[in-house]
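Enquirer: Once you've looked at the hints, go ahead and assemble the two chains, each given alone in its own frame, into the complex.
As they're listed, the protein sequences go chains A and B.
Numbers 1 to 344, taken from this note's numbering, label the letters of the first sequence in order.
Numbers 1 to 242, taken from this note's numbering, label the letters of the second sequence in order.
Keep in mind the hints are simulated off the structure, nothing from the lab.
Check the hints yourself; a few may be wrong.
As the list claims (entries may be wrong) - Residues from chain A that face chain B, not an exhaustive set, calculated with beta carbons under 10 Å:
#1 GLU39
#2 ALA74
#3 GLU96
#4 LEU193
#5 HIS310
#6 GLU312
#7 ALA322
Unchecked claim - 20 Å max Cα-Cα, derived SDA-like pairs, lysine to any residue:
#8 A:LYS293 <-> A:GLU312
#9 A:LYS270 <-> A:PRO255
#10 A:LYS326 <-> B:LEU37
#11 A:LYS326 <-> B:ASP144
#12 A:LYS326 <-> B:THR146
#13 B:LYS123 <-> A:ALA87
#14 A:LYS127 <-> B:GLN137
#15 B:LYS126 <-> A:ALA87
#16 A:LYS326 <-> B:LYS126
#17 A:LYS326 <-> B:ASP147
#18 A:LYS326 <-> B:THR197
#19 A:LYS120 <-> B:VAL36
Note that CB positions come from ideal geometry on N, CA and C, so glycine has one too.
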Amino acid sequence: MATAAAHRTTGAPAYGAPHADPDGGARQRAFDAAVAADERVEPRDWMPDAYRATLVRQIAQHAHSEIIGMQPEANWITRAPSLRRKAILMAKVQDEAGHGLYLYSAAETLGVSRDELLDKLHSGRQKYSSIFNYPTLTWADVGAIGWLVDGAAITNQVPLCRCSYGPYARAMVRVCKEESFHQRQGYELLLALSRGTPEQHAMAQDAVDRWWWPSLMMFGPPDDASQHSAQSMAWKIKRHSNDDLRQRFVDICVPQAESLGLTLPDPDLKWNEEHGRHDFGAIDWTEFWDVLKGNGPCNEQRLTQRRHAHDEGAWVREAAAAHAAKHAAEHTGKHTGPTGVEQA
Amino acid sequence: MTATPVTVSATAALALGDDALVLSHRLGEWAGHAPVLEEEVALANIALDLLGQARVLLSMAGDEDELAYLREERAFTNLQLVEQPNGDFAHTIARQLYFSTYQHLLYGRLAASQSEFAPLAGKAVKEVAYHRDHAEQWTLRLGDGTDVSHERMRRACEALWRFTGEMFQPVDGLDVDRAALERDWLDSVSDVLRRATLAPPEGPRTGAWSAGAGRQGLHTEPFGRMLAEMQHLHRSHPGASW
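Only chain B is shown next, with the shape it has when bound in the complex (with noise of 0.2 Å):
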């Protein structure tokens, strides 16, 4: 029997592996100013498992650190969702909410699948799973804690309600069910947020703009400050090797 070459979709590698990486980022700025040592521990273990998957995903499609420090902004494949500035707790739980729903459904698919994304999706689900649980805990605890935190929990995601729609835009050589997989997550969110007496937020999850946006490397003006911090020292030094 000969092995079936894997043919490894370049443009599906990227989109994840950006997903991954970008979001480690944004939870690696949190370092040394968490509510609570707990949370420093924890967002900074989330960011590891992040940084792990951007890893082998980024190495799937190409060099690991060409892709993550060479390319310009506008050919980074990353969610919208996962680029945005981190603002108070309760935007990085809102936004950790909506991704690691996501993130978890969709690997747990790929996880089951035949594609060439299985192994590491297998890996990555149990990862995930304790994102997904530890982002739906505070959302609990913020949703039905204080008023004040109500408050900030509920504006935290209605403003990123918005970016939620392009998670299930098509990306190439990403061979899941979409339909299924945004009513599972539409479910599960509207559920935590629920019981976290939250209603869920009733604006469009896609703006005429943004749909399909990140996807197509188009984004938030944010980013590009950020790809700024991120790339300078390793653009400063062309060719050395760290």
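The following block holds chain A by itself, in its conformation from the complex (with noise of 0.2 Å):
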């Protein structure tokens, strides 16, 4: 642990140093050390460059795809069919605006702002999950987003509570445990409607057709197509493979579509004794590449709105800037009274 650590007490002090770096071979073996004997890397600690822009990257398009995904489901708030789904759905929504907050921070941790990332997103230099660029066509998309989307992105996330970079790792712990709560409420929402009326039970099946390769999509392109996988593992940003994960979570879906009473739209998914998994059909990749390029059905919607919100917001922010601006004139003013004591 002691050599492993020496990344962050080599020489001078690793935080705010410019560029004076007299032997920069040294902190970059140490930091390989850290990495390599499983320690957290933290704010103030030495970092290549190259590894703090792939997280700067990663953590912004995660946060920014908790933000855009408020969208599809904000879609049915209004008309939730129940009281009971109306408020399962708005808590939902709200925890997504929390780890949108939550993974800001992180980002901010490596010396990015909120603000320039938010603006990334607006311009479309930074991009967010392609998952969310697909609308909500019925009721039943609300629980197929909660049972498949939020299930592939707790199969992605869960190993990133092992990442390296310690305040990201520690953002997902908090994140996991809430989307897996909605996991399962999306799952028990289908399950009410595959159990439902003849009509609710078209409805779900027609979501889970719908949703479903979309979701395998979320793992990202295959392993041989994936430019920032190899690296992101030496790191250990990432601890599986895209297409490794792809397959846990086909594994993990199959039971649970029986016991939904619902089928995968694959015909060519089926159980390999020989190798202990399923084997699934052919991915569009085509359609994929087109999403992530911004040809979905939703790109433009989805940026649109988010851009509206953040223009038609400018005042308020401004205003809140004003007034805490005076405010905290007002508060210099009365700290400074003869007494010490804050004048009414």
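Expert: Structure, rendered in structure tokens:
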């Protein structure tokens, strides 16, 4: 441990030191040793620029996904069919805003600001998960998102709880707890529909048919086409390959679909005795890249609504800042009172 | 000692329940549209508290979903204030300031009373204190922020002022000193507005038409459209459970 922790203490203070790194190689070696020893990298530690940039990109994209991800579900808040379901959905969308906040905070420990990241989202320079570019067309979609989309997210995110960057790993612990709760609620929503009237059952099946393949795409491109994977795995930002996680997800979902009384829309899906896993059909990667490039069903709508909320809210944020500035001046005045006690 | 059977006033439970239900719905419309992420959390939080109150109150009067989803507009007894469209953030905050101040004062009294609403009010008053604080803080920020925000807040307070008298109309089964409630409300709201550098509006607090109107099932035009959206799915599947 002592050797590995050397990246924190080698030579000059790591934090705030300009480019003065007489022995850059030593820091790099200490960082590598820390990562190899499964130690956590913390904000004040030295880290390679590329590691920092990768984390900023990934955490920001994750935060953006939480924020954009509110839209497809919020689309049903005002139409939820019972007060209990409405309360569950509102709480879920609220949690997502909270996750966005944790994640922006985690990103800020790397030296970027939330405003800067939001600006990159709004101008299309940073992405969010392409799953949120699909529309929620029926109430059952809320359940399918909970079960499949949150399920895929959890499969992706649980290993991130052991990610080498401390603030991200800690945010993930909290996010994953809430996400798995949402996932169970989504499953339970679909179960109620599946066991309900024939119309409700059909609604549930239709939603699963539409969300299954996009959920599998959430794990990203196949391993041989994933440009960041090898480096992220070496840095222990990522612990498993896209295809491994996707396989794990399919194996989890198959029995769940059975107990839901719903089918998965893949004629090639079957148990492979020899390998002890499910084989499944080919993903339409053309659709995946197309949605990623901005040509999915809701890309334009999602970004426009986000920008609109931000632009329409500018006067509110300016008011809050102006008020805080006046108030801060007042407070300074109060504390300089002769008694040192805050004046009325 | 035999427990005195509590007779629930369905009229009062519905009036208070409808207020909470309808305002919760309006706040739910903000999801994904708030000016800052912290407000996504805060507005949803308030909406959830209100929905929780609505569910308890409607359940005191009957089946919560039947009451929420299967009544027509003329059978809803919420205040016209809470059904007003969100408008801009200042409108939403003015509506919150007026309503949460009223609700906080009312629940404070009910919590201390022998009424059947005391248990609910005792719990809800803590939530509502937070709603009131949130609305007051934003009234101060917007009123005493920039010229633009001041003007928007002023207009919002004036536009909604005409709906505030209705809060103090009598409701069957709701035994409170309405005159004292109204005095406290006026004092509190006027004080917040003054601190926000806004003058309390001068117009009437009830119109010839709007006096007691929402409580009698007489609503404003946007309300029917709100209910159509809220009830559509439930009504499309009669008898289904969700």
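Enquirer: For every hint, state whether the structure bears it out.
Expert: Checked hints:
A distance limit of 10 Å between C-beta atoms decides the matter here; for GLU39 (chain A) the minimum to chain B is near 32 Å, and the interface restraint is violated. The beta carbon of ALA74 (chain A) is positioned within 10 Å of a beta carbon in chain B (closest approach about 4 Å), and the interface hint is therefore held. At its closest, the beta carbon of GLU96 (chain A) sits 8 Å from a beta carbon of chain B; the interface hint therefore holds under the 10 Å criterion. Given hint, LEU193 (chain A) at the interface with chain B, holds; its Cβ is 8 Å from that chain's nearest Cβ, closer than 10 Å.
Interface hint status for HIS310 (chain A): upheld, as the beta-carbon distance to the closest one in chain B is roughly 8 Å, under 10 Å. The interface hint given for GLU312 (chain A) holds, since its Cβ lies 7 Å from the closest Cβ of chain B, which is under the 10 Å cut-off. Proximity of ALA322 (chain A) to chain B holds as hinted, the smallest CB-CB distance being about 5 Å (cut-off 10 Å). Only pairs whose Cα atoms come within 20 Å are accepted, and LYS293 (chain A) paired with GLU312 (chain A) is rejected, the gap being roughly 27 Å.
Note on LYS270 (chain A) and PRO255 (chain A): the hinted pairing holds, with a Cα-Cα distance of about 12 Å set against a maximum of 20 Å. For the proposed pair LYS326 (chain A) and LEU37 (chain B), the alpha carbon gap of about 23 Å is over 20 Å, so the pair is violated. Distance check on the hinted pair: LYS326 (chain A) and ASP144 (chain B) sit about 9 Å apart at the alpha-carbon level, within 20 Å; holds. For the suggested pair LYS326 (chain A) and THR146 (chain B), the alpha carbons sit about 10 Å apart, so the restraint of at most 20 Å is met.
Taking the CA atoms of LYS123 (chain B) and ALA87 (chain A), the gap is near 18 Å; set against the 20 Å cutoff, the hint holds. Taking the CA atoms of LYS127 (chain A) and GLN137 (chain B), the gap is near 35 Å; set against the 20 Å cutoff, the hint is violated. Of the pairs offered as hints, the one joining LYS126 (chain B) and ALA87 (chain A) holds, with about 19 Å between alpha carbons and a cut-off of 20 Å not exceeded. For the suggested pair LYS326 (chain A) and LYS126 (chain B), the alpha carbons sit about 30 Å apart, so the restraint of at most 20 Å is broken.
A distance of roughly 13 Å separates the Cα atoms of LYS326 (chain A) and ASP147 (chain B); the hinted pair therefore holds under the 20 Å criterion. The straight-line distance between the Cα atoms of LYS326 (chain A) and THR197 (chain B) is roughly 13 Å, inside the 20 Å bound, and the hint therefore holds. Only pairs whose Cα atoms come within 20 Å are accepted, and LYS120 (chain A) paired with VAL36 (chain B) is accepted, the gap being roughly 16 Å.
Violated hints, in rising order: 1, 8, 10, 14, 16; the structure is consistent with all others.
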